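Please build the complex by placing chain B on the supplied structure of chain A, with the hints as guidance.
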Amino acid sequence: MTTSYMGQFLKIDLTRGRVETMPVDPDLQRRFIGGKGVGARLLYDLAPPQCDPLGPDNPLLFMTGPLTGTRAPAMRGCVITKSPLTGTFLDSYFGGHFSPEIKYAGYDGLIFTGRSETPVYLWIDDDRVEIRDAAHLEGKDTFETNHALKAELADPTVKVACIGPAGERAIRYALIACEYNRQAGRGGAGAVMGSKGLKAIAIRGTRSVQVADRTAFNAAVKTACSQLNEETTGAFTLDGTAGSIPFANETGLLPVRNYRDGVFGGAEGLGPEAQREKLWQRDLACAGCPIRCSKMGKIRTGKYAGIVSDAVEYELLGLLGSNLGISDIRAVTHLAHQCDAIGIDGMSAGGAIGFAMELFEKGVIGPEDTGGVDLAFGSVAAADHLLDAIALRKGRLGHLLGEGVRRAAEALGGDAPDMAVHIKGLEYPAWGPRGVPGMALATATADRGGCHQRAFPILNEVEGRWKGEPITQLGLEKKAAIVVEQQNDLAALDTLVKCDFAQYGIERPTYLDLLAAAAGRRLSVEDLNILGERVWNQVRLFNIREGFSRKEDAIPKRFMTDPLPSGPRAGHRITPADMDRLVSDYYALRGWDENGKPRPETLERLGLAEA
Amino acid sequence: MPYLVGHFDRCTGCAICQLVCSARVHGGYNPRRGNLFIQMGPENRVNLPVVCHQCDNAFCLRVCPTGAISRSADLSIPVVDREVCIGCGQCADACPIGMIRIWEKKAYKCDLCGGAPECVAACPADALSLVKETEAAR
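Read top to bottom, the protein sequences are chains A and B.
Last residue of the first sequence: number 1500 in the numbering used here, and the count goes up by one each step with no gaps.
Last residue of the second sequence: number 147 in the numbering used here, and the count goes up by one each step with no gaps.
Distance condition first, Cα-Cα at most 30 Å in a straight line; then the derived DSS-like pairs of lysine-lysine: (1) Lys1192(A) / Lys1167(A); (2) Lys1440(A) / Lys1251(A); (3) Lys115(B) / Lys1039(A); (4) Lys1167(A) / Lys1187(A); (5) Lys114(B) / Lys1039(A); (6) Lys1111(A) / Lys141(B); (7) Lys1486(A) / Lys1367(A); (8) Lys1251(A) / Lys1283(A); (9) Lys900(A) / Lys1039(A).
Now the in silico label distances, taken between C-beta atoms and shown as ranges: (10) Gly1123(A) / Gly76(B): 47 to 57 Å; (11) Asn1484(A) / Leu57(B): 51 to 61 Å; (12) Asp1416(A) / Gly36(B): 24 to 34 Å; (13) Asp1014(A) / Pro105(B): 22 to 32 Å; (14) Glu92(B) / Thr1190(A): 56 to 66 Å; (15) Gly76(B) / Ala1194(A): 52 to 62 Å; (16) Gly124(B) / Gly1191(A): 43 to 53 Å.
Keep in mind that the hints were calculated from the coordinates and are not lab data.
Nothing here was measured: the structure is a model prediction, and the numbers come from that model.
Note that CB positions come from ideal geometry on N, CA and C, so glycine has one too.
Bound conformation, chain B alone:
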């Protein structure tokens, strides 16, 4: 499964990744609405990008009571079907790094833009990478 990696050594905290993500997912700009975020270290000494790990043992998927979270056919990563999602928030509660957000009673998570993440393309500091994990690497 492919997944994102954030590099704190390069991240400048500009939030362009969150801005492009929010525009894609919600049709407007607000970093809070992005499916990734940047943690500010003490006194802003560091900015730490926090991204979805696209887990093997995906807690979000396991706890979903309606089957709204399932593995995508193409990338085999956990994705949300918001037609089925009832907004109960179990998935958000289960994710230890806050990668599920509930907006207007529906769950949102990173879907890697279907395989070509806009955040990676937009980052001016090359602080995000898409890792395409092969079977051999597992």
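Next comes chain A alone, as it looks inside the complex:
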């Protein structure tokens, strides 16, 4: 049968310099569909237990889904590996045009193992695959590398994923820059790529992605596009994620001065109106997406005039803006662009810089640690200084911050760990949880550490409704159920591989119609929920094997001990007892034991007993 799968993986052994194709195991595809699911199982099977994430044994997987590269709206790709920042499973998603190209070249995914002694890049031209010398690309930033490869390969349509100087130095939250202005950002996938001596991947594919039933597929695409409308995703079309700035500020969820507050006086300077005035010029979309949440433009005035940039999205507005006390969108654009260029996750970088600024304010570190630079909140010069020190591992402080706030705090000792805002080592996202206990649980149990994308109960909590029933924002009732349901749902859709925004519009039966018409696999909504639960438990098995248990399913101390100082939920915090109750509720619903380990009957029910 014709399907939208390409039927094979490309395996690249960088130690031996060997490349081979490998047929996709039909049973693996049947049980895990694609993307996160297939990647989770492959990582579990391929990574030796307790392997060093920055060692040659850690596999680096680029996965697509059955709808990637088709006309199904808003599909993406993902990188899966063991995170050098957290030691957990890591899945990092990227839009843009790189993941479809993997399929156009004839592959459902790329599997890198081993380590090259010298810097190399991989050139995939359909089935002609070469590991090429990359000595001339060393030290180039991600934009320079992208442009240099297109020039070298004499084709501007080649699609490139690459690392910057930070990835080359294995900064633990280095990113992989994907075509174009799209990042596999979180958790240090770029450090893994750097540790393998792999500077870039360039792809050109001329094969077509087929679908099983064209008539049915066209009908499902039409339905999906109609569900991406004014009411569901219109806010993303209008303002991207910058529209969340006023919402987060009014609800007291914005990170301010290393998460000490949730309301920022300068929020207006970061929001959509400020970006429209100072930066944006046009709408930009990922491959096949009608939402066009991105806004391209150029800083037109002031010190940073001339920077061409995509819209600064909400997480970076929070972490490089309000969290550092910076309210000028031009300065935040500059910092975000710098992070992209040197190739580090701007979220973790913002977390690390905010942490350093608080250490400085409290005298834990001083001018002698910063080369005399004053690390005051609000200082763009201080942020610039630290970004440079982090990316190039300059000085003790730069080196420490490049290891992430958890490791830096452990090395500094004293009160430093209390100021390190992370979960499992992943710097916390830009949604302070003190007024939203469901979100606290969602981040505490997110598979890759402090992440807001595995469940997002905030909208239900603030609205006070879930599935038509009333809930209370500050209460604990039903919060575990919301988190479990959303995690399963999103994990299932991450096998396709969906976009976080499009899923607010495209209804679940429509996703299943797209899948059935493209790949010839008809799943029911119930099957989809079980798929998500299976994927979530497969990932949990990996994390359990790597040594994680209940004690890591926790939130940063600050959110439990320090009440919110201002905003509509001033005075609130998540007490340790609240947290304990939420985690217990969650484990019970998940069918996990009191230590967070899936019970045998749970694994049996999900078809994971052999693991």
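Frame of chain A, contents of chain B only:
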């Protein structure tokens, strides 16, 4: 003759136009196989749709050695008869904006889907228009 116009001010670079074109022409999805493309400006500041002009003095038609490119009866635009095409690539070489592609030794170019272009209908940003030029406008 009718022809397409691309609007860079509206184009979002999503490539849906290329996807629907490739599906129609080749039976599967790959933007590269579409009969139009989107050029990425420096640093992606702009996306520029590049479409066939359906030229009056069509170089592709003039250089074809086998008569495989001729004016269509209905729209009077240059179209390729792939039964006759020998895949020599003269047409692709002659077009200065890359609007002829050679795939599996046959030439492909935009035929405006016979007068109702699918790319125009599919573009979510209204970045493509079909201009129906009248005799008076010439």
